[in-house]
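Q: With the hints as your guide, set chain P onto chain U.
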Amino acid sequence: MTERSINWFRFSSPQTFYPLAGKMVPWFAAAAAILAAIGLYIGFFVAPTDFQQGEAYRIIFVHVPASWMSMFIYLVMAAWAGVGLALNSRLSGMMASALAPTGAMFAFLSLWTGALWGKPTWGTYWVWDARLTSELILFFLYLGFMALQAAIDDPRRADKAGAVLALVGVVNIPIIYFSVKWWNTLHQGASVSLTTAPTMATIMFTGMIVMVLAFWMYSIAVSLARVRAIILERERHAAWAQALAGAAA
Amino acid sequence: MSWGSAAEFFTMGGYAPFVWGSFAVAALCMSIEPLLVRARHRRAAAELKRAGVAARGVGHEAAA
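Read top to bottom, the protein sequences are chains U and P. Counting from 1, one number per residue, gives the positions in the first sequence under my numbering. Counting from 1, one number per residue, gives the positions in the second sequence under my numbering.
In case anyone wonders, no lab produced these hints; they're calculated from the structure. Hints are supplied without guarantee of correctness; some may be wrong.
Here are the computed lysine-lysine pairs in the DSSO-like style, where the Cα-Cα straight-line distance is at most 30 Å [stated by the list, open to error]:
1. Lys49/P x Lys160/U
2. Lys160/U x Lys119/U
3. Lys49/P x Lys23/U
Cβ pair distances, simulated, as ranges [claimed, not checked]:
4. Phe9/P x Ser12/U: 26 to 34 Å
5. Ser2/P x Gly123/U: 20 to 28 Å
6. Ala39/P x Thr202/U: 36 to 44 Å
7. Pro26/U x Glu8/P: 53 to 61 Å
8. Ser31/P x Ala243/U: 30 to 38 Å
9. Val164/U x Ala51/P: 30 to 38 Å
10. Arg157/U x Pro17/P: 44 to 52 Å
11. Leu167/U x Arg38/P: 26 to 34 Å
12. Ala6/P x Ala150/U: 45 to 53 Å
Residues from chain U that keep clear of chain P, each with C-beta distances beyond 10 Å, as calculated [as the list claims (entries may be wrong)]:
13. Ala30
14. Ala37
15. Phe45
16. Asp129
17. Met146
18. Leu148
19. Asp153
20. Ala161
21. Trp182
Quick reminder that beta carbons are idealized off the backbone N, C-alpha and C, glycines included.
Extracted from the complex, chain U is given alone in its bound form (with noise of 0.2 Å):
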């Protein structure tokens, strides 16, 4: 350990927290919004027509980026949660309901631009397929977790409750991940995995991570401004917090 060495710690606490959010808070914005030019110039201009979908496969720069962020969002909120219920520390309650509302719309666009895509492709909106239904499940999931916490009037409570609903529903994830392995779904095998090269042309990858960082950068702006609002709604009658008030006036 070397005596510059920063402790990590001290940022756990609301109160310190709170403006190294504020200072993250504009970087992450406009890492995102210039990551989405960028990906949005390759999704529509440098990425060549898909010779079997047509046009309609650039639903899946959306489609893709949504669909893992709702997945993954999920899976943070779920550590968060889970270290507020082993540590009870005050900050990953918060975190974990900062990040609710963030995956649930991006669980809702996932099923919204999945289902415009699946009209010309497939020939129908909507199949209850194991994919499909697993992520209408965690949308459904996230509508739990918040209807529950706002449900419950003492916040520590609703934590509580929250992380323990959290937790459970994380065995959803790997179903949705594998379902298109696991079953035999309408929804098409992944285009991008871990063990093998992915099997679309690079320039469609590439336009794809791209908005997926995109996505990554604006979930973390959008969250991290949220969780400032609910520590100011949660520490109001804190001293530090109400002398900040009283500075801003």
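A: Just chain P now, kept in the frame of chain U:
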């Protein structure tokens, strides 16, 4: 570049409602969410300020 004209681009090879329906709703959601978050932050800050004013024993006229 696979587009001959702007019209061709917006037509999306006949898939315009599906392609633009996807991107428009995503753009809408991802523009509204930050606005909602900002409104929530402002509301929380205003609430905090009101609470602080009340705690110091100052009436509502001070906040106006």
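Q: Confirm or reject each hint.
A: Evaluated hints:
no.	hint	result
1	Lys49/P x Lys160/U	holds, 29 Å
2	Lys160/U x Lys119/U	violated, 41 Å
3	Lys49/P x Lys23/U	holds, 22 Å
4	Phe9/P x Ser12/U: 26 to 34 Å	violated, 49 Å
5	Ser2/P x Gly123/U: 20 to 28 Å	holds, 25 Å
6	Ala39/P x Thr202/U: 36 to 44 Å	holds, 42 Å
7	Pro26/U x Glu8/P: 53 to 61 Å	violated, 38 Å
8	Ser31/P x Ala243/U: 30 to 38 Å	holds, 33 Å
9	Val164/U x Ala51/P: 30 to 38 Å	holds, 31 Å
10	Arg157/U x Pro17/P: 44 to 52 Å	holds, 46 Å
11	Leu167/U x Arg38/P: 26 to 34 Å	holds, 31 Å
12	Ala6/P x Ala150/U: 45 to 53 Å	holds, 46 Å
13	Ala30	holds, 13 Å
14	Ala37	holds, 12 Å
15	Phe45	violated, 6 Å
16	Asp129	holds, 19 Å
17	Met146	holds, 13 Å
18	Leu148	holds, 19 Å
19	Asp153	holds, 16 Å
20	Ala161	holds, 22 Å
21	Trp182	holds, 27 Å
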